[in-house]
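J.: Turn these sequences into a full structure, and let the hints guide you.
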Amino acid sequence: MAINSEVLVIGGGLAGLTSALKAAREGADVRLVSYKQSSLRHASGLVDLLGYTPDGEGPITDPYAAMGDLPEEHPYRRVGVETVRESMSLFDEVTDYRGDHTDTNALVPTHGGTVKPTARYPTGAAAGLASDDRDVLLVGLESLVDFDAPHAAAHLEAAGVPFDVRGETIRFPGDLQADAKITRYAKLLDTNGDVAVRGRKKGARDALAERVNTVRDTEERIGFPAILGDAHTDAVRAALEEKIGADVFEVPMGPPSLPGLRLEDALFEALDEAGASFETGNPVVDFDADGERIETVYIEKNGAKIPNSADQYVLATGGLVGKGIESDRESVTEPVFDCHIEHGEDRYEWFDGDAFGDHPFASFGVETDETLRPLTADSAVQFENLRAAGSVLGGYDFAAEKSGSGVSIATGYVAGENAAAEAR
Amino acid sequence: MAQTPHIAVIGGGSTGIGIARDLAMRGLDVTLVEQGNLTHGTTGRMHGLLHSGGRYAVADQASATECIEENRVLRDIASHCVEMTGGLFVKRPEDSEEYFQEKLEGCKECGIPAEVISGEEARAMEPHLAKDVEKAITVPDGAIDPFRLVVANAASAEEHGARIETHSKVTDLIIEDGEVVGLEVEHASGSGKRVHGTEGGTEEIRADYVVNATGAWAGRIGDMANVDIAVRPSKGVMTIMNIRQVDTVINRCKPKGDADIVVPHETTAILGTTDEEVEDPEDYPEEGWEVDKMIDTLKELVPMLDEARTIRSFWGVRPLYEPPDVGSDDPTDITRDYFLLDHDERDDLQGMTSIVGGKFTTYRMMGEEISDHVCAKFGIDAECRTADEPLPGSEDFSVLRDYMDEFGLRSPIGRRSVERLGSRADDVLKTSDPNPTICNCEGVTRAEVQDAIEQSGSDLNAVRIRTRASMGNCQGGFCCSRLASELHGEYSEDIAREAWDELLQERWKGQRHALWGEQLSQAALNYALHSTTQNRDNDPADGGPVDFAAFDSGVGAGEASGTADVAADGGTRNGD
Numbered sequence: 052m053a054i055n056s057e058v059l060v061i062g063g064g065l066a067g068l069t070s071a072l073k074a075a076r077e078g079a080d081v082r083l084v085s086y087k088q089s090s091l092r093h094a095s096g097l098v099d100l101l102g103y104t105p106d107g108e109g110p111i112t113d114p115y116a117a118m119g120d121l122p123e124e125h126p127y128r129r130v131g132v133e134t135v136r137e138s139m140s141l142f143d144e145v146t147d148y149r150g151d152h153t154d155t156n157a158l159v160p161t162h163g164g165t166v167k168p169t170a171r172y173p174t175g176a177a178a179g180l181a182s183d184d185r186d187v188l189l190v191g192l193e194s195l196v197d198f199d200a201p202h203a204a205a206h207l208e209a210a211g212v213p214f215d216v217r218g219e220t221i222r223f224p225g226d227l228q229a230d231a232k233i234t235r236y237a238k239l240l241d242t243n244g245d246v247a248v249r250g251r252k253k254g255a256r257d258a259l260a261e262r263v264n265t266v267r268d269t270e271e272r273i274g275f276p277a278i279l280g281d282a283h284t285d286a287v288r289a290a291l292e293e294k295i296g297a298d299v300f301e302v303p304m305g306p307p308s309l310p311g312l313r314l315e316d317a318l319f320e321a322l323d324e325a326g327a328s329f330e331t332g333n334p335v336v337d338f339d340a341d342g343e344r345i346e347t348v349y350i351e352k353n354g355a356k357i358p359n360s361a362d363q364y365v366l367a368t369g370g371l372v373g374k375g376i377e378s379d380r381e382s383v384t385e386p387v388f389d390c391h392i393e394h395g396e397d398r399y400e401w402f403d404g405d406a407f408g409d410h411p412f413a414s415f416g417v418e419t420d421e422t423l424r425p426l427t428a429d430s431a432v433q434f435e436n437l438r439a440a441g442s443v444l445g446g447y448d449f450a451a452e453k454s455g456s457g458v459s460i461a462t463g464y465v466a467g468e469n470a471a472a473e474a475r
Numbered sequence: 058m059a060q061t062p063h064i065a066v067i068g069g070g071s072t073g074i075g076i077a078r079d080l081a082m083r084g085l086d087v088t089l090v091e092q093g094n095l096t097h098g099t100t101g102r103m104h105g106l107l108h109s110g111g112r113y114a115v116a117d118q119a120s121a122t123e124c125i126e127e128n129r130v131l132r133d134i135a136s137h138c139v140e141m142t143g144g145l146f147v148k149r150p151e152d153s154e155e156y157f158q159e160k161l162e163g164c165k166e167c168g169i170p171a172e173v174i175s176g177e178e179a180r181a182m183e184p185h186l187a188k189d190v191e192k193a194i195t196v197p198d199g200a201i202d203p204f205r206l207v208v209a210n211a212a213s214a215e216e217h218g219a220r221i222e223t224h225s226k227v228t229d230l231i232i233e234d235g236e237v238v239g240l241e242v243e244h245a246s247g248s249g250k251r252v253h254g255t256e257g258g259t260e261e262i263r264a265d266y267v268v269n270a271t272g273a274w275a276g277r278i279g280d281m282a283n284v285d286i287a288v289r290p291s292k293g294v295m296t297i298m299n300i301r302q303v304d305t306v307i308n309r310c311k312p313k314g315d316a317d318i319v320v321p322h323e324t325t326a327i328l329g330t331t332d333e334e335v336e337d338p339e340d341y342p343e344e345g346w347e348v349d350k351m352i353d354t355l356k357e358l359v360p361m362l363d364e365a366r367t368i369r370s371f372w373g374v375r376p377l378y379e380p381p382d383v384g385s386d387d388p389t390d391i392t393r394d395y396f397l398l399d400h401d402e403r404d405d406l407q408g409m410t411s412i413v414g415g416k417f418t419t420y421r422m423m424g425e426e427i428s429d430h431v432c433a434k435f436g437i438d439a440e441c442r443t444a445d446e447p448l449p450g451s452e453d454f455s456v457l458r459d460y461m462d463e464f465g466l467r468s469p470i471g472r473r474s475v476e477r478l479g480s481r482a483d484d485v486l487k488t489s490d491p492n493p494t495i496c497n498c499e500g501v502t503r504a505e506v507q508d509a510i511e512q513s514g515s516d517l518n519a520v521r522i523r524t525r526a527s528m529g530n531c532q533g534g535f536c537c538s539r540l541a542s543e544l545h546g547e548y549s550e551d552i553a554r555e556a557w558d559e560l561l562q563e564r565w566k567g568q569r570h571a572l573w574g575e576q577l578s579q580a581a582l583n584y585a586l587h588s589t590t591q592n593r594d595n596d597p598a599d600g601g602p603v604d605f606a607a608f609d610s611g612v613g614a615g616e617a618s619g620t621a622d623v624a625a626d627g628g629t630r631n632g633d
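Going line by line, the protein sequences match chains R and F.
For the first sequence, this note's numbering gives the first residue as 52, with consecutive numbering after it.
For the second sequence, this note's numbering gives the first residue as 58, with consecutive numbering after it.
Worth double-checking, as some hints may not be accurate.
[What the hints assert, rightly or not] Far from chain F by the CB rule (all over 10 angstroms, computed), these chain R residues:
#, residue
1, P110
2, E137
3, D257
4, G326
5, N359
6, P386
[Stated by the list, open to error] List time: in silico DMTMM-like cross-link candidates among lysine to aspartate or glutamate, alpha-carbon distance up to 20 angstroms:
#, chain 1, residue 1, chain 2, residue 2
7, F, K566, R, D403
8, F, K350, R, E400
9, F, K313, F, D332
10, F, K311, F, D117
11, F, K350, R, D379
12, R, K232, F, D490
13, R, K87, R, E77
14, F, K192, F, E162
15, F, K350, R, D226
16, F, K165, R, E400
17, F, K356, R, E381
18, R, K87, F, E575
19, F, K350, R, D397
20, R, K374, F, E575
21, F, K165, F, E155
[To be verified] Computed spacing ranges between beta-carbons, pair by pair:
#, chain 1, residue 1, chain 2, residue 2, range
22, F, S175, R, A428, 48 to 54 angstroms
23, F, D337, R, K374, 39 to 45 angstroms
24, R, A428, F, P170, 37 to 43 angstroms
25, R, G244, F, I174, 56 to 62 angstroms
26, R, D405, F, E344, 44 to 50 angstroms
27, R, D429, F, G574, 38 to 44 angstroms
28, F, D599, R, T134, 19 to 25 angstroms
29, R, T384, F, S175, 37 to 43 angstroms
30, R, K374, F, P380, 55 to 61 angstroms
31, F, R263, R, G211, 45 to 51 angstroms
32, F, P380, R, A428, 27 to 33 angstroms
In case anyone wonders, no lab produced these hints; they're calculated from the structure.
Backbone N, C-alpha and C define an ideal beta-carbon position, used for all residues, glycine too.
T.: What follows is the structure in structure tokens.
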């Protein structure tokens, strides 16, 4: 007996979550299944729409205005600019991200000291924007190798930011291991747990603020690596702001990225509220189809193949990074439904010789019709009741364009909407 | 002539550095110049095999005998660079029994300890060997880190007064009255220890004698003096696996052939190799089919290689040489022996000797012979001590203490650091500052990186060869930026940024030959981390000015969104 739903979403990243959320809000009975941890933990947690054109022009100020000039096969062109706006409204509704007051991109400092254009940023990053001209003090932690505050500050200056920026490195209070995990810092701050400072116990938030106060000059905003709490990040930041007397912000980091994980939590919470069900940790390993319709997919759980049936399916398994697209020495494949992926015959055609060159692999993915149904090599709809969303889609280079989150949200929205409409 | 002769050595590979150390230890005044990094040429592009001599035991017994002799010396003087894995020559059903016996006899004739074991015994040692491997010969092959070895030789040479100049290319020889009297050198621009002379400038280095130890590049130096040195560069590919499928060196027991060896090396295994003559040691094709051939042929010995993850491939060029009257058609027929070409005797040009051919395993012996030769020129009767004095890091390497507890390092990071550093571990690791891990794949800590920067300056590729940082699974995806940050402070932001780019590019270059499966996913992740998260592909510091005022400054944000503001006690979702 199969587990039944009207819409089954495969994949728990930004695209899958948005798709399931939209379908559920449209009134469909939705189930989401995901295998590994989503690549949100690798992402910065910023939500980019479009930062550069495919030709590398930019940074773009108004991403919506630039979308019309994108090539026709680009997912934004498939779904249309107005739909991108609608999808962002849904995103804004269920998160406490900033940036929705304007169409203009923000420039956010990154942990290496560059700035990048983004459309939405977590509340915790808001005080750090590079177009704000107040002076900045960046605070790094001795053992945290991914954020070297003096180096990042010097790099920001080289980027020409319109404010003075200085970096200081301090020791995180308490006796943490030199290679303590990022979550360990976050947990201590979340709970304001006791740390020992010169033999006396103090709350971690207070102790950290005191250390910062010894190195702070007159800067009105203080940037930390993104470790300021996990479950109670706003409270951690508020406490630090009060004790330091300055605005506090987080600089987005590489993996494991707390802002990415917080975003994932927020979306799962919204999905739960919308009444969808989800199951994580088990892969889809097989499916049955009757001609042009997928009937059942099989999820492997403790060695057993559990059938899941739905009326409509959404494929949101990610790209090469998330393993929604795989390859071997000869070819590139989509492993769940074996959707067609256009790729060069020789694997040496898959990349450019320059590390930041124009890499064909960056655009690997399925091609779809306007309703996001994957197409075969002959441009026929592969399955009537399957849609694809997010990084599994081809035709765009999210890394170069800074468009990954936007495409995931917009296509997830459209896939979810269409799936719900068909299922009813 | 000066009291102490000044010898200029060209080439910072194992041969040149071995010569420099030897001459410096004998009290001569030595300057070594290398156009790139130490090990930039052939030495840095080998499979890391410490030969037992077994490989040459049938066809080239003179080389085999030298190998086993030097194998023993290196275990002694370079213990922290060597892992005695042991080696097997394995026989598949289709391989000749006659040759197997010849190999066994050959080893015995050359004094190489060798024993026959059954296929079952071989699989007990190496469970991933093919089921139909019939039997094998055990030999004392090992793995050796060419980078660490050359760096240790350089450090020793410097301790004995030598001057070692990297990133310094010889642009001409200075010849006066039919005698080579020095070099013209161009120092690459850069910073820190990359440049001792004028930044980006040229320097005339006058010397009493010049040794040309440039291997495959020897002909180029010869051209500068109109002497003909007909080195026959031969390329070979090596493919690096992300784990050690085997812990013993696996050789195929066959007369000769491509793709017949797997060398376990640190955290990886290296598949080798091919042998194909090329015109130019710097410009030759690197082709995908060569990589496929490695995998497809060596999976006959270790079947799991077919599905395994490779992290990169690289090509090296052997500096093969044979005397003009031999004329082999096939590079695999050319002897691996080395030749000392005294240009006075050979070409009537005084003041210079070239050394060509030879093998990494016998680098020290080559150094000894040429040092004897140079000393004889000056009537110096000084003993060679390089076979007896341990290299820096290898003195008293008997105690692998529990550095995990002592320095708060987690296993296996502490163990790996100590293995790399040998007897220098105390000096390097004893720091009162936190010592977090910079490179997670290879377990390299900040103290080691800082030590390498102190030795080599701002060149992150030089830091890499000293520490192995960025040489693991992620190929620098996670640690390039961290390494750049370790430079900052001592060096300015623009120098750190340049070094960061250079390392990232260098790591990309070799990965291109491994871009499918897991490594393509890794490359896509690295690309995303650098481009999406960091915007390094459009770094405003490298580009034109940005109109910051045209972007969102945050004014007006949060007001209309309906969610709680920053100053409230934790927002709606994450309330305390």
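J.: Now, for every hint given, state plainly whether the structure supports it.
T.: Results for each hint:
For P110/R, the condition that its CB be more than 10 angstroms from all CB atoms of chain F is violated, with the nearest at approximately 6 angstroms. With a minimum CB-CB distance of about 17 angstroms to chain F, E137/R clears the 10 angstroms threshold, and the non-interface call stands. Non-interface status of D257/R relative to chain F is upheld: no Cβ of that chain comes within 10 angstroms, the nearest being about 15 angstroms off. Once the 10 angstroms rule is applied to beta carbons, G326/R is consistent with being away from chain F; the minimum gap is 18 angstroms.
Even its closest Cβ contact with chain F, about 26 angstroms, leaves N359/R beyond 10 angstroms, as expected for a residue assigned away from the interface. Against chain F, the non-interface label of P386/R holds: every CB pair exceeds 10 angstroms, the least being about 12 angstroms. About 10 angstroms separates the Cα atoms of K566/F and D403/R, which keeps this hinted pair within 20 angstroms; it holds. Of the supplied pair hints, the one linking K350/F and E400/R holds, its CA atoms being roughly 19 angstroms apart against a limit of 20 angstroms.
At most 20 angstroms may separate the alpha-carbon atoms for a hinted pair to count; K313/F and D332/F meet this at roughly 10 angstroms. Distance restraint check for K311/F and D117/F: the Cα-Cα separation of roughly 14 angstroms lies within the 20 angstroms cut-off, and the hinted pair is therefore satisfied. Of the supplied pair hints, the one linking K350/F and D379/R holds, its CA atoms being roughly 15 angstroms apart against a limit of 20 angstroms. For the given pair, K232/R sits about 18 angstroms from D490/F by alpha-carbon distance, which is consistent with the 20 angstroms threshold.
As the CA atoms of K87/R and E77/R are separated by approximately 27 angstroms, the hinted pair breaks the 20 angstroms bound. For a cut-off of 20 angstroms, the pair hint linking K192/F to E162/F stands: about 16 angstroms separates their Cα positions. The hinted pair formed by K350/F and D226/R fails the criterion: a straight-line CA distance of about 53 angstroms is larger than 20 angstroms. For the given pair, K165/F sits about 50 angstroms from E400/R by alpha-carbon distance, which is inconsistent with the 20 angstroms threshold.
A hinted pair counts as satisfied when its Cα atoms are at most 20 angstroms apart, and K356/F with E381/R qualifies at roughly 17 angstroms. Proposed proximity of K87/R and E575/F is supported: the alpha carbons are some 15 angstroms apart, at most 20 angstroms. The suggested pairing of K350/F with D397/R holds, with an alpha-carbon distance near 15 angstroms, which does not exceed 20 angstroms. Between K374/R and E575/F the alpha-carbon distance is near 9 angstroms, which keeps this suggested pair within the 20 angstroms criterion.
Under the criterion of a C-alpha separation no larger than 20 angstroms, the hint pairing K165/F with E155/F is consistent with the structure, at around 16 angstroms. Hint check: S175/F to A428/R, Cβ distance near 52 angstroms, so the stated range 48 to 54 angstroms holds. The hint said 39 to 45 angstroms for the Cβ distance between D337/F and K374/R, and at roughly 41 angstroms that hint holds. Distance hint for A428/R and P170/F: a CB-CB separation of about 59 angstroms, inconsistent with the stated range 37 to 43 angstroms.
Evaluation of the 56 to 62 angstroms hint for G244/R and I174/F yields a pass: the beta carbon distance comes to about 58 angstroms. For D405/R paired with E344/F, a C-beta distance near 19 angstroms fails the hint of 44 to 50 angstroms. Checking the proposed 38 to 44 angstroms range against D429/R and G574/F shows it is violated: the Cβ atoms sit about 28 angstroms from each other. The hinted window of 19 to 25 angstroms between D599/F and T134/R is violated, with their beta carbons roughly 35 angstroms apart.
Hint check: T384/R to S175/F, Cβ distance near 42 angstroms, so the stated range 37 to 43 angstroms holds. Between K374/R and P380/F the beta carbons are some 56 angstroms apart, a value that agrees with the proposed interval 55 to 61 angstroms. Judged by the Cβ atoms, the range 45 to 51 angstroms given for R263/F and G211/R holds: they are separated by roughly 47 angstroms. For the pair P380/F and A428/R, the supplied restraint of 27 to 33 angstroms is violated, since their beta-carbon distance comes to about 59 angstroms.
The earlier numbered hints that this structure contradicts are 1, 13, 15, 16, 24, 26, 27, 28, 32.
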